[in-house]
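Student: Below are the chains, spelled out letter by letter.
There are 2 protein chains.
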Amino acid sequence: MKFYDCATAPSPRRVRMFIAEKGLVIPVVEVDLANREQHSDAFVKLNPHRTVPVLELDDGTTLNTTSGICQYLEACFPQVPLIGADPKERGLISDLDWRIEQEGFLAVGESFRNRSKAFKNNAVTGQHEHSQIPELVDRGRARAEQFMQWLNEHLAQREYIAGDGFSIADITAFITLEFARWIKLEPPTDYENLHRWYSEIAARDSAAL
Amino acid sequence: MKFYDCATAPSPRRVRMFIAEKGLVIPVVEVDLANREQHSDAFVKLNPHRTVPVLELDDGTTLNTTSGICQYLEACFPQVPLIGADPKERGLISDLDWRIEQEGFLAVGESFRNRSKAFKNNAVTGQHEHSQIPELVDRGRARAEQFMQWLNEHLAQREYIAGDGFSIADITAFITLEFARWIKLEPPTDYENLHRWYSEIAARDSAAL
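Taken in sequence, the protein lines are chains A and B.
According to this note's numbering, the residues represented by the first sequence are 1 to 209, in order.
According to this note's numbering, the residues represented by the second sequence are 1 to 209, in order.
Honestly, I wouldn't trust all of these hints.
Unchecked claim - Distance condition first, Cα-Cα at most 27 Å in a straight line; then the derived BS3-like pairs of lysine-lysine: (1) B:K22 x B:K117; (2) B:K88 x A:K88; (3) A:K45 x B:K88; (4) B:K184 x B:K117; (5) A:K117 x A:K22; (6) B:K120 x B:K22; (7) A:K120 x A:K45; (8) A:K120 x A:K22; (9) A:K2 x A:K22; (10) B:K117 x B:K88; (11) A:K88 x B:K184; (12) A:K88 x A:K2; (13) A:K88 x B:K2; (14) A:K45 x A:K2; (15) A:K2 x B:K88; (16) B:K88 x A:K22; (17) A:K88 x B:K45.
Stated by the list, open to error - Output of the computed footprint for chain B on chain A, the stretches with three or more beta carbons under 8 Å from beta carbons of chain B: (18) 31 to 44; (19) 51 to 65; (20) 96 to 104; (21) 115 to 128; (22) 142 to 150.
Hints were generated in silico from the structure; no laboratory data involved.
From a predicted model like this one, the values you see are computed outputs, not experimental measurements.
Ideal placement from N, C-alpha and C gives every residue a C-beta, glycine not left out.
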């Protein structure tokens with residue numbers, strides 16, 4: 001396998017953390033997004049959607065979404081379950097991970113991409129050009145703030161997001177909070193549950209990657 | 001189990017079709033979205049996010065996203081696999097299903113919810129009020145058109161979206177095309193692969209539900 005990564009981007013970082021938590025070592029190919037390497041002929045041939053992360057399997061099959069890559073690795077290496085060890089856990093973790101991605105991670109991304117000059121004509125992830133919509137800067141930020149409020153309440157009676165054990169939902173939420181700094185958004189200091197949880201996740205080896 | 005459904009809404013229809021393809025019979029509770037039943041005290045207690053679908057398990061646990069519900073049912077009833085029978089299939093199907101949801105289903109929803117008078121202050125799914133952003137009507141539609149073009153090309157050499165077998169990716173894409181009619185968007189007549197595939201899916205018993 002080969003993992004196409006970019007050290008500075010939030011989406012591949014989710015997969016990087018997932019791989020580390022699984023205890024896997026997968027050869028990494030760094031993609032230089034800052035210099036638009038994702039638009040190069042070689043990369044477009046690998047992934048026409050022009051995004052990272054990409055996982056290339058030994059038979060040449062490519063998976064090019066965080067969802068597909070993590071589901072594949074979970075099925076191959078179930079020994080350290082990150083998407084649930086039984087049906088109920090799988091349902092609950094998938095439920096939470098979807099919500100965190102939609103309401104947290106993608107909301108931050110919406111605010112960021114519709115403002116940053118670097119994404120003037122690429123306000124939507126992928127190969128198609130879309131102009132920025134300035135109103136989304138504030139709407140994405142407001143949604144991210146609502147997400148943080150929900151997460152703080154959700155963590156009032158849970159050590160980890162899905163309950164007693166660390167899961168992919170913790171990864172997605174942790175990286176959402178890190179990504180939120182790109183839009184200068186920090187959780188309010190009185191979100192005590194959220195800060196307690198964040199400190200615990202940040203102390204894990206996988207969080208430093 | 002109980003499945004909280006709404007006969008007219010596209011999101012619960014994805015789960016309805018998934019349940020039918022699995023050959024399961026789960027008692028249904030119809031939620032009257034047109035009369036705002038999702039905002040009732042009883043429903044908010046069940047699902048504070050005020051959305052359908054919801055699957056209530058026999059122990060009272062609730063799953064309230066399509067992702068969580070389908071992952072749960074797949075793990076409980078793997079006999080008819082809809083998210084892949086081995087790791088590679090699981091990865092590929094999850095990859096495609098994520099893309100179809102993001103670039104197809106949610107793009108149509110974005111166009112629809114930012115225009116319809118019924119969603120004037122609820123342009124984003126969920127319990128929080130967000131004003132409509134008129135520019136998203138066109139951007140969502142443009143993204144849905146790009147999605148249809150991609151899907152037509154993708155289906156050139158595949159009977160079903162993930163290859164030889166029917167999967168959840170076919171469900172999400174089929175309901176996306178049905179939903180697209182809400183914004184008066186039909187695939188161009190010369191998208192022959194797409195129309196061939198659509199006719200096959202539409203002929204399944206589960207598509208009539």
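Student: Checking one constraint from the list: CA of K120 (chain A) to CA of K22 (chain A), max 27 Å. Satisfied?
Tutor: violated (37 Å)
Student: Are K120 (chain B) and K22 (chain B) close enough, with their CA atoms no more than 27 Å apart?
Tutor: Measuring from Cα to Cα gives roughly 37 Å; hence the hint is violated.
Student: Do the alpha carbons of K88 (chain B) and K22 (chain A) lie within 27 Å of each other, as the hint requires?
Tutor: Distance of about 18 Å is within 27 Å: holds.
Student: Are the Cα positions of K88 (chain A) and K45 (chain B) separated by 27 Å at most?
Tutor: Distance ~20 Å between K88 (chain A) and K45 (chain B) Cα, so the pair holds.
Student: Do at least three Cβ atoms from the segment 115 to 128 of chain A come closer than 8 Å to Cβ atoms of chain B?
Tutor: holds (count 3)
Student: Decide if the proposed pair is consistent with the structure: K184 (chain B) and K117 (chain B), CA atoms, cutoff 27 Å inclusive.
Tutor: Distance ~16 Å between K184 (chain B) and K117 (chain B) Cα, so the pair holds.
Student: Would you mind confirming whether the straight-line C-alpha gap from K88 (chain A) to K2 (chain B) stays at or under 27 Å?
Tutor: holds (15 Å)
Student: Taken at face value, is the distance from the CA of K88 (chain A) to the CA of K88 (chain B) at most 27 Å?
Tutor: holds (23 Å)
Student: Below or equal to 27 Å on CA atoms is what counts here, so check K88 (chain A) against K184 (chain B).
Tutor: Outside the cut-off at roughly 39 Å; violated.
Student: For the pair supplied as a hint, K45 (chain A) and K88 (chain B), confirm whether the alpha-carbon distance does not exceed 27 Å.
Tutor: Answer holds: K45 (chain A) to K88 (chain B) is near 20 Å, not above 27 Å.
Student: Do at least three Cβ atoms from the segment 31 to 44 of chain A come closer than 8 Å to Cβ atoms of chain B?
Tutor: violated (count 0)
Student: Tell me if the straight-line CA distance from K2 (chain A) to K88 (chain B) falls inside 27 Å.
Tutor: holds (15 Å)
When the structure is compared with the earlier hints, violations turn up for hints 1, 5, 6, 8, 10, 11, 12, 18 and for no others.
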